[in-house]
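Asks: Read off the chains here:
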Amino acid sequence: MLVGFMMFAASSGVFENVSSGFLGAVVSPFQTASSFLSGQAGAFIDRFARAGEIEKENRELKEQNAELMNQMVEYHDLLEQNEQLKKMLEIKELHSDFDPEIASVISRDPNEMFGSFTINKGNLHGIKNNDPVITAAGLVGKVIDVGLISAKVVPITSPELKVSCYEVRDRSVGVLTGDASLYRQGLSKMEHLDREVDISKGNIIVTAGISGIFPQGLVIGTVEEVKIENHGMSAYAIIKPAADVNSVKEVVVIKKFLGQGEDSVSP
Amino acid sequence: MKPSKLRILWHILFLFLMLAAHTLQNTPGLFSINGARPALIVPFVLVVAVLKGEGVGAVYGAVGGLLWDLSSRRLPGFSALILMVCCVAAALLTIYFLRVIWFNITLLTAAVLFIFCSLDYLFFYAIWGYNDIHIVLLQEIIPMAVYTVMVSPVVYFLLNKINGKFPVTDNWSG
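Protein chains in written order, with our numbering: chain A, 1 to 267; chain B, 1001 to 1174.
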């Protein structure tokens, strides 16, 4: 009978499915748990067995990490250098007569007068008093006090600085200076304009180069608003400098330019 | 360690800390709140003066002030003179009248800044006749002074803590 039963089961396959389904349901959770435990135990033992290897791998990864960090620092330095060189090239292309020196703003005193700042270049780099300070965007100010390896710069938003300038379209001449009520907003003032001056918002102001301190034709900024002075005799324009004077970090000092130190006639 | 060696070590450390405070206060954009930044050198020299007496205070006031003068565009010696006199006064006040607590340090910083800022405004702004110059006082000098007064307790706690690590030695001014 048993032989018959075996033959029937072998030929039909019914009992095979039942037994494997039943056994699978009962055994599978145990197998899963066992497999998990075995995996964990294996990993646990493996950890000890491969301790030396893991430590070596860890050390290598740490070294790699440090190397990558150094590469990142180098990359950022190169990026900065690249940006500086680009700016320098841009300026050199526009003004071939300039002898530029790139400098970084290293200090801004919390109680500094009218936003003056210190740069990291001085006498040793050939910088002198009255050298113009610019960015690729436009005029920033001028050097007023030179040390061996640093110099102080007074910005165009300071009332202490006066720059002869003109509007490029109709050549209205004026004097650019700072104003106590404007410099915190990063604005300057173009004074001594004719009452009937024909300039308006957006017009470009450039240096006149009359005194020989600033080269002629350097962009200063754009006109924001034109107003009549309180005395009513002349007008003034509020100028938004092209360079962000209050937060500039990199500047270019022009050590030499055509016409430096020479007085010239008006533009 | 001998008291003389301790004193030298203390001075090296505190001169280094003063340089650090000066560097931090002049770092563009650091601690900036709406454009105002604290003049850390003022509470620093004041705290040194009240902790160590009028002699050390005078030296640190002068050196700190000179450092500040050199990095700013003020006449060299202007801040040095004011801070030196103020440090001696602050040290004497704490010896004879006031207790050395954070509140008194804050008051002393406020008083010193009032004197300093008044003279600074008078000599470097007001007498030059710039238009609307009071705006500089309102928008720049007063915010800087208020901010400095607010950070002075922090400077006091830090320096007091560091000073406390050194055993008490007599005759600091000698």
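Errors might be hidden in some of the hints.
[Claimed, not checked] From the structure, some residues in chain A lie toward chain B, with a derived Cβ separation under 7 Å:
no.	residue
1	Ile102
2	Arg108
3	Pro159
4	Leu161
5	Lys162
6	Ser181
What the hints contain is simulated information worked out from the structure, not anything from laboratory work. If you're wondering where the values come from, they're calculated on a predicted model, not measured in any experiment. Glycine included, each C-beta is placed from N, C-alpha and C at the ideal position.
Asks: Can you list which hints this structure breaks, lowest number first?
Replies: Hints 1, 4 and 5 contradicted; others consistent.
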